[in-house]
Amino acid sequence: MKAVAALLAPALIAAPLAACQPQRPAAGVIVASRNRVDSLDPAKATRTGQMQVLSALGDPLYAIETDGRITPRLATALPQLSGDGLRARIPLRRDVRFHDGSRFDAAAMVFSLQRFMAIGTLAYQVTGRVAAVRASGPYEIELQLKRPFAPLPRLLSAIFLTPVSPSAYRQDARRPSNRPFVGTGPYRIRFFSDQQQQLTPWTGYWGPKPANSGISLVTLSNSTALFGALRSGEVDVLLSSSLEIDHQQALHRDARAGRLREAVGPAMEIGFLSLLSDQPPLQDQRLRRAVAYSLDRRTISERVSLGLRPPLRELLPPSLPGSLPTAWPDYDPARARALYRQAGYCNGRRLTLPLSFRSDIPSDRIFALTWQAQLKRDLGDCATLEVSGIESTTAYAQLDKGVFPMIQLEWVGDYPDAENYLTPLLECTKARGEHCLEGGSALSGSFWSASGLQDELERSSTIDGPARLELLRRIQERTAAASPYLPIWLVAPVAWSRPAIGTPRFDGSGRVVLSELRGGQR
Amino acid sequence: MSRRSDLLRYVGARLALAPVMLWLIASLVFLLLRVAPGDPIDALLGPRAPEAARTALRHQLGLDLPLLQQYGHFLSDLLHGNLGSSQNSQQPVLEIIRTSLPASLELGAVALLLAAVLGLAVGFSGIARPEGRLDLAGRLFGIGTYALPPFWAAMVVQLIFAVWLGWLPVGGRFPATLLPPGGSGFYLLDSLLAGNVQQLAGSLRHLVLPSATLALLLSGIFTNALRLNLRRALSSDYVEAARSRGLSERRVVLRHALPNALLPVLTITGLTVASLIGGALLIEITYSWPGIAFRLQEAIAQRDYPLVQGIVVVVAALVVTVTVVVDLLVALLDPRIRF
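Chains A and B, in that order, are what the protein sequence lines are.
Mapping of the first sequence onto my numbering: position 295 corresponds to residue 313, and the numbering continues sequentially without gaps.
Mapping of the second sequence onto my numbering: position 22 corresponds to residue 739, and the numbering continues sequentially without gaps.
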């Protein structure tokens, strides 16, 4: 027994000793999220977590403010367009330096844009619109556009277009880099791993100095850990829209009681159903309309998300210009029944609608089951849902094969503009009648198109002002009438913080402005 | 002499077969990944990127080559020790393994040590009075901890000690505001070698909950194995003979029964080590422990072919090595073993 005791002693001593250590080291603000950051190379940035970190390490040419205004950041004015709208000149700031001390100028911006166009994962967002980029002066660049493109400043607000230091990236001009990021932002990187990033204020920053002495971003892999970390004071700020609803509600209660601060950002993610519109049964537009009337968004939002995901009846986040909040019809079981009847159902014949959901996304499953129950309750004699789960990556690979009569999906635009929501869902470069053969509509699994729609889509990105807004609304109305998609809800980013940190502020792109979080040496 | 040559022949055969086994495993993983539904391009670009962008990325990643050619490149790179780069992060796969494998090994080693100490202590404790209260409690402990669902147990431990009591961190491997120690990737060892108490304490605090949970889950195996083997040994002829020679019960147990009862435990330990090399997935997920199992699971979800292939090959090589070493150890310790 003595031997056993001798063996056990170190373990018994080590655990309490470890537990007695100070709960956390002192420095900066600790921000937790679920997002893993694989790479800090803007050319490879595609995920929310990467964009959030890059927004603190770099600056875009333009920024979208919380109220939706576009303001110059590294640019000094909005693009000056040539008469034909095919050349855009952008003047740049002269007082900016990269984290390695080198100067930011037109050559650096051209280097960064050309690098992104050559190797960027999302390069198609730029190369589809921009033919060439050149320095038209020491502090001015010129973009040659393939066609007039009204949302150019919004595209240039994308953080993946943040400039990188040519001297630091010279060797990686045509290949992705996994070296520390060297940009112009208020912070520079101190330590990087996929689960943890430490940012320290960049003393040579041209703009307002950060309100904190540094930021540590950590990745926690599950909702309980994230929730627990904020509750126990282990982290200062929690960024997550993927927290379990119970946890979100508990934090919301804490915020109302003054124990936490809560901020809701502009919703950029839309949840929707894609309806296979070129095969039975949903090739019948009456049935698609009937399904649209059958969706009780309000009840489902309440049951599935406790109201945290507001119902959505359009394909755009309402904060974007061109929004039409009531484009799709509201829940109306009587009209739904009438349409099902017209299509030959309800009178002893029930329509079976297969609904696929992504099994690795918990809210999708709850949505599917809730809607199934709601439909059974309200229109059980007319239609029934047959729900089945499928892993996301597998589902995405089969979307353009037309195998899902109805599937639940979500979409977040790469930059906040209507064009980046409507085009990926409705674009159709090759069609036969209303059947789309190639393009975004086929890739999204609806295969729907309409005569003249593609022209309208293209025109909507070339014109500006009220005419553009009117056209965007008309496109949504046409789509709603045919209902190849059914918007479900909006997902807004939420952040919670300890009161001492202050209430987090979201910018117009849906990212928390980390430099405004208060916190220093403790 | 004959036994030694048998043993050498056995080890030689196992080592000679190892490359064949690794080739088979590597080929199977390569093939299964391509047969499985899902496309890495979808995981990288999302389903709605234009076809031109998808084609360009497919070309950039070499996924547009014929399958045989891809396989040839994979094997040739593997032979040259090149596991390629992650499709998602562009980081070399070897570098990813170099950072995540030590995390799993460190967690596994500490958990195994704790599990062995706890499990063997509990298994041994009831031996004085078989079927007594202590023995019954040990039996219940063995069955109970073995049957605990890992995910649930980890969640409960996390909730109690990290969320409610706030004694220990909820997850991660190192304090967010400290710089991790450089070196081997084994944080405990690195911070000890650097003599950095703050880093050591930080690493320890993060290690306590995951390793204790994993140890608790593994300890039942040791408890049951020791308890059963010790009882069998205590009723064997050589123990009776020792008793009849007038040796004290303590000496009989410690010198005669226990060493024989521990031999099967060594085999079980070897198997457990082999399984822990691949990481303890549910523990790593619950505690956000950046280990190899966690990376593998994410790589599979993202269809990151080079990363999945690399991790599987490296883990398989280590498992083969460990099983050979354990076989050798058992053979060296137990003269009854024949090959």
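There could be a bad hint or two in this list.
Below, a list of computed lysine to aspartate or glutamate pairs in the DMTMM-like style, where the Cα atoms sit at most 20 angstroms apart [as the list claims (entries may be wrong)]:
#, chain 1, residue 1, chain 2, residue 2
1, A, K419, A, D396
2, A, K227, A, D482
3, A, K164, A, D418
4, A, K448, A, D348
5, A, K164, A, D102
6, A, K164, B, E768
7, A, K419, B, E768
8, A, K448, B, D756
9, A, K164, A, D482
10, A, K419, B, D756
11, A, K394, A, D378
12, A, K448, A, D418
Since the hints were made in silico from the structure, they are not lab data.
Computed from a prediction, not measured in an experiment: that's the story for all the values here.
**Prompt:** Any of the earlier hints contradicted here, and which numbers?
**Reply:** 1, 2, 3, 4, 8, 11
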